[in-house]
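Colleague: Build out the structure end to end from the sequences listed, making use of the hints.
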Amino acid sequence: MIRRHLITLTPADAMDKLIKMMEKFPSNAEFFEKVRMMM
Numbered sequence: 006m007i008r009r010h011l012i013t014l015t016p017a018d019a020m021d022k023l024i025k026m027m028e029k030f031p032s033n034a035e036f037f038e039k040v041r042m043m044m
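In my numbering, the protein residues as written are 6 to 44.
No wet-lab data here; the hints were simulated from the structure.
Hints are supplied without guarantee of correctness; some may be wrong.
What the hints assert, rightly or not - Listed next, the in silico BS3-like pairs over lysine-lysine satisfying Cα-Cα at most 27 Å (straight line):
{"hint": "1", "residue 1": "K25", "residue 2": "K39"}
{"hint": "2", "residue 1": "K29", "residue 2": "K39"}
{"hint": "3", "residue 1": "K22", "residue 2": "K39"}
Modeller: In structure tokens, the structure reads:
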């Protein structure tokens, strides 16, 4: 799901977007749990 969105962006924009998404969560585990719930 994330990859499908990020692939439409330039590599630099995709990295910025991913970093901003991850900054919303205090841990990688919480980030991936949220991603898993969205699927």
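Colleague: Now tell me, hint by hint, if it's right for this structure.
Modeller: The hints, checked one at a time:
no.	hint	in the structure
1	K25 with K39	14 Å, holds
2	K29 with K39	11 Å, holds
3	K22 with K39	16 Å, holds
Of the numbered hints given earlier, the model fails none.
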